[in-house]
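> Let the sequences and hints guide you as you build the complete structure.
The opening position of the sequence shown corresponds to residue 1 in full-length UniProt numbering, with each subsequent residue numbered one higher.
Do not take every clue at face value.
Unchecked claim - BS3-like, lysine-lysine: derived pairs with alpha carbons at most 25 Å apart:
1. 161 with 171
2. 122 with 82
3. 178 with 70
4. 160 with 133
5. 160 with 171
6. 122 with 161
7. 70 with 160
8. 82 with 161
9. 133 with 89
10. 70 with 161
11. 122 with 171
12. 70 with 82
13. 122 with 101
14. 160 with 122
Claimed, not checked - Distance windows between CB atoms, simulated:
15. 98 with 74: 19 to 25 Å
16. 103 with 145: 32 to 38 Å
17. 106 with 167: 20 to 26 Å
18. 88 with 179: 16 to 22 Å
19. 98 with 168: 35 to 41 Å
20. 145 with 183: 41 to 47 Å
Bear in mind the hints are in silico, worked out from the structure with no lab data behind them.
No experiment lies behind these values; they were computed from the predicted model shown.
The beta carbon of each residue, even a glycine, is placed where N, CA and C say it ideally should be.
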Amino acid sequence: MRYMFKKSSFLQARTRWCTSFHRLLLTWNRSTSVLVRVTKTPCSSGLLPQQAHYFSRDDVTLPGFAHFFKENSDEEREHAEKLLAFQNKRGGRIFLQDVRKPERNEWGSGLEAMQCALQLEKNVNQALLDLHKLASDRQDPLLCDFLESHYLNEQVEAIKKLGDHITNLTKMDASTNKMAEYLFDEHTLGGKK
Numbered sequence: 001m002r003y004m005f006k007k008s009s010f011l012q013a014r015t016r017w018c019t020s021f022h023r024l025l026l027t028w029n030r031s032t033s034v035l036v037r038v039t040k041t042p043c044s045s046g047l048l049p050q051q052a053h054y055f056s057r058d059d060v061t062l063p064g065f066a067h068f069f070k071e072n073s074d075e076e077r078e079h080a081e082k083l084l085a086f087q088n089k090r091g092g093r094i095f096l097q098d099v100r101k102p103e104r105n106e107w108g109s110g111l112e113a114m115q116c117a118l119q120l121e122k123n124v125n126q127a128l129l130d131l132h133k134l135a136s137d138r139q140d141p142l143l144c145d146f147l148e149s150h151y152l153n154e155q156v157e158a159i160k161k162l163g164d165h166i167t168n169l170t171k172m173d174a175s176t177n178k179m180a181e182y183l184f185d186e187h188t189l190g191g192k193k
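See the structure below:
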């Protein structure tokens with residue numbers, strides 16, 4: 001079953017298949033326990049690792065894209081582990097849900113995969129902003145500082161980087177021009193790693 005977005009934009013409608021990713025539920029202990037939906041991590045769904053392996057297949061062979069998505073996957077996993085460690089340190093309880101496999105196994109182009117990754121980063125950023133607002137409303141400066149120090153700036157940088165890549169791929173018409181996609185892979189993403 002597909003996880004549906006509100007029909008607010010063409011990109012969201014087009015990428016709704018890539019939004020079924022794992023949600024972490026954490027108990028946040030303050031004076032009373034509050035159940036908080038903390039974040040949606042694309043890493044935990046297997047989407048970013050799946051993208052990395054797709055681009056390293058022998059019939060696709062775009063090692064720069066593969067390396068890019070592998071690095072992003074590793075970074076998102078580290079972020080999730082850091083958040084879980086922070087939760088444990090504060091005496092909270094962690095409730096994990098089942099992880100669904102990505103609903104898509106094939107990517108038409110690097111541009112398409114980047115667009116999906118950008119939408120995921122935006123969703124994660126919004127979830128972190130919502131959590132920051134909740135922490136601020138509950139007067140929890142420790143959690144606010146933790147989010148500001150470890151997540152919020154990095155999310156903005158990741159969104160900017162993906163947006164820049166998408167802009168360059170679009171200008172090169174990489175969705176239809178495979179040579180442009182290859183050149184982007186080689187010269188921008190570093191090619192063979």
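> All hints are to be evaluated individually against the structure, with a verdict given for each.
Status of the hints after comparison with the structure:
1. 161 with 171: Roughly 15 Å between the alpha carbons, so the hint for residue 161 and residue 171 holds.
2. 122 with 82: Holds, at roughly 20 Å.
3. 178 with 70: 22 Å, holds
4. 160 with 133: 22 Å, holds
5. 160 with 171: Since the Cα atoms of residue 160 and residue 171 sit roughly 16 Å apart, the hinted pair holds (cutoff 25 Å).
6. 122 with 161: 12 Å, holds
7. 70 with 160: 18 Å, holds
8. 82 with 161: Between residue 82 and residue 161 the Cα gap is close to 22 Å, so the pair holds against 25 Å.
9. 133 with 89: Status holds; Cα separation ~21 Å.
10. 70 with 161: Holds. Residue 70 to residue 161 sits at ~15 Å (cutoff 25 Å).
11. 122 with 171: Holds. Residue 122 to residue 171 sits at ~22 Å (cutoff 25 Å).
12. 70 with 82: Within the cut-off at roughly 18 Å; holds.
13. 122 with 101: 20 Å, holds
14. 160 with 122: Holds, because 10 Å separates the two Cα atoms, which is no more than 25 Å.
15. 98 with 74: 19 to 25 Å: 22 Å, holds
16. 103 with 145: 32 to 38 Å: 36 Å, holds
17. 106 with 167: 20 to 26 Å: With Cβ atoms ~24 Å apart, the hint holds.
18. 88 with 179: 16 to 22 Å: With a Cβ separation near 50 Å, residue 88 and residue 179 fall outside 16 to 22 Å, so the hint is violated.
19. 98 with 168: 35 to 41 Å: Hint holds: Cβ distance 37 Å, inside 35 to 41 Å.
20. 145 with 183: 41 to 47 Å: 43 Å, holds
This entry does not satisfy hint 18, going by the numbered hints stated previously; all others are met.
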